[in-house]
Amino acid sequence: MASSYISNALQINFDSVLEITDNAEMVSMFKTLESTGLRGFLGCPSVLYERELEQFFDTAMVKDGDITCEVSGKVVVLSEDRFAGVFGLPTEGLVNLSEVPKDLVYDARSIFSQSGEPISTYDKKRLMKYEYRLLNDILAKSVTVKAGSFDVVTHERFLMMTAIHFGIQVNWSKILFGVLKEMVDKTLKKAKGCAAQICILLKSDPTATMGEATTFPHLKIISAKTVKTYVATNKTIDARGKADEPGVAKISRSKKRPIATGDEPAVTKKKRTSKRKASSSKENMNIVCCIGSHSSSNL
1 MASSYISNAL
11 QINFDSVLEI
21 TDNAEMVSMF
31 KTLESTGLRG
41 FLGCPSVLYE
51 RELEQFFDTA
61 MVKDGDITCE
71 VSGKVVVLSE
81 DRFAGVFGLP
91 TEGLVNLSEV
101 PKDLVYDARS
111 IFSQSGEPIS
121 TYDKKRLMKY
131 EYRLLNDILA
141 KSVTVKAGSF
151 DVVTHERFLM
161 MTAIHFGIQV
171 NWSKILFGVL
181 KEMVDKTLKK
191 AKGCAAQICI
201 LLKSDPTATM
211 GEATTFPHLK
221 IISAKTVKTY
231 VATNKTIDAR
241 GKADEPGVAK
251 ISRSKKRPIA
261 TGDEPAVTKK
271 KRTSKRKASS
281 SKENMNIVCC
291 IGSHSSSNL
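Sequential numbering from 1 applies to the sequence shown in full-length UniProt numbering.
Hints are not guaranteed to be accurate.
[Claimed, not checked] In silico DSS-like cross-links for lysine-lysine, where the CA-CA straight-line distance does not exceed 27 Å: (1) K220 to K189; (2) K74 to K203; (3) K31 to K125.
If you are wondering where the hints come from, they were derived from the structure by calculation, not from laboratory data.
All chains should be modelled from the sequences, with the hints used to inform the complete structure.
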């Protein structure tokens, strides 16, 4: 079903998140993201045309640099220029993210860090501040379109985050249209995403006849409420992680008898004698008691 194509989707309700009053860092991150020219793409109407979306992925192919597909019996051609126009994307700037200045990448390693200590450009997400953890998730699901876990920040996403944070001009039109072309290339087997954006593109074409639209699940749309939940969840994860760190576990008291120091009065142990009961069986069974010792490991 087409609904499977929204598993990697993550839309942003900019009007909602920019009204957050108790998290200035999050608001600053969203304002910076908006200023890069991505609001029209990440904040486009969250509607889903399931039948047309399925037809798009079934028939789409790259031809002469454009994406050609058949929807409702009509041939639709999506060009990069129309793609940029529909979402108001920048058409100038960096295309190769490896060109992000190294001194800015170096500074970002400390700016993004939760502790203030420089982190690697390929590191665990939980080492970053909450607003940059969320930015990583947004880029992973809605820009680079990656499936699976996002616990680790990739070098590519770190460079994107650096460019966004420092306001470096990026040719988002070429980068994002390139991602879309990779998605429809059946030889690459890339994760499918950008469901809302594809539906908006198809709807904007006068030759396409669209059917009934459905809305996205609210959990796929970032709002002030979901940001608050996201932060609370990550704080819980952080607290659990600290409790599991080496050296934090409780020290268990030994149950062994303490060694005598010589000042205590000597205690004479009585020798216990036991009577063995005769067995009528010819074979004697030795009963072995196995005591399993339990050890606790620190994570």
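Hints, verified against the model:
no. : hint         : result
1   : K220 to K189 : 23 Å, holds
2   : K74 to K203  : 13 Å, holds
3   : K31 to K125  : 21 Å, holds
Every hint from the earlier list agrees with this structure, and none is contradicted.
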